[in-house]
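Here the numbering used here is used: the first residue of the sequence shown is 247, the next is one more, and so on.
By construction, these hints were calculated from the structure, which means they are not laboratory data.
Ideal Cβ placement from N, Cα and C applies to all residues, glycine included.
Honestly, I wouldn't trust all of these hints.
[Said to hold, decoys possible] Per label pair, the in silico range of CB-to-CB distance: (1) G394 with L338: 20 to 26 angstroms; (2) A335 with S416: 35 to 41 angstroms; (3) A458 with E373: 35 to 41 angstroms.
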Amino acid sequence: MTGARAQLSTDNYQLIVFDLDGTLIDSRRDLANATNALLVECGAAALPEDRIGRMVGDGAATLVARAFEAAGIARPTDALARFLRIYGAHLLDHTRPYPGIAAALDALGRRASLAVLTNKPLASTREILAGLDLARHFDADAVVGGDGPFPRKPDPAGLRHLIARAGVTSDATLLVGDSVIDWKTARAASAHVCLARYGFGFEGFPLDEITAGDRTIDSPEALIGA
Numbered sequence: 247m248t249g250a251r252a253q254l255s256t257d258n259y260q261l262i263v264f265d266l267d268g269t270l271i272d273s274r275r276d277l278a279n280a281t282n283a284l285l286v287e288c289g290a291a292a293l294p295e296d297r298i299g300r301m302v303g304d305g306a307a308t309l310v311a312r313a314f315e316a317a318g319i320a321r322p323t324d325a326l327a328r329f330l331r332i333y334g335a336h337l338l339d340h341t342r343p344y345p346g347i348a349a350a351l352d353a354l355g356r357r358a359s360l361a362v363l364t365n366k367p368l369a370s371t372r373e374i375l376a377g378l379d380l381a382r383h384f385d386a387d388a389v390v391g392g393d394g395p396f397p398r399k400p401d402p403a404g405l406r407h408l409i410a411r412a413g414v415t416s417d418a419t420l421l422v423g424d425s426v427i428d429w430k431t432a433r434a435a436s437a438h439v440c441l442a443r444y445g446f447g448f449e450g451f452p453l454d455e456i457t458a459g460d461r462t463i464d465s466p467e468a469l470i471g472a
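Based on the provided sequences and hints, a complete structural model is requested.
So, in structure tokens, the structure goes:
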């Protein structure tokens, strides 16, 4: 695996696709706050932030279901709608790009096409990217959310769409993500993967699944390889 100070050569990739939560942005606190606000509304105790962070990655509906299961109370039929309403009002309270992301995107965008593939709803994704001045790095149709025409990750359909859109091959594509979901998505699309060990989705990653061909980084700066 790539060490903390090592650089990852990205020169051979024509398309670099990024996950959002835990890869481009640190959104764990806002997601945890919204989840806990909903749980408390429903009579449950709040959960630790890091525990909620490990529930993120499969989309809002799965996050809500996991949170109610962990809290040990029944999930109301309108739980997802209530979560989306709460979270939608607090998308950018604490969420920020990871240090080094802006510089990495500036450098990578000069030599490759960039895209975003997330299980987050598209409207929230666009609002966050715009609010953090990251939207300028991605064409509008190069941002794929979890509520669009493609199944959510780890289904590879969204990634394959972005590959076809860019007119490149899977072998010239790198998916950068922080979770086993991203790892499975890249594998299913025959693309390369780079795992962001700094992201909160990496907690609990089955390390024995990582092979010699999988890239890992400990900071966004490591994406700017020589």
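Status of the hints after comparison with the structure:
no., hint, result
1, G394 with L338: 20 to 26 angstroms, "22 angstroms, holds"
2, A335 with S416: 35 to 41 angstroms, "39 angstroms, holds"
3, A458 with E373: 35 to 41 angstroms, "39 angstroms, holds"
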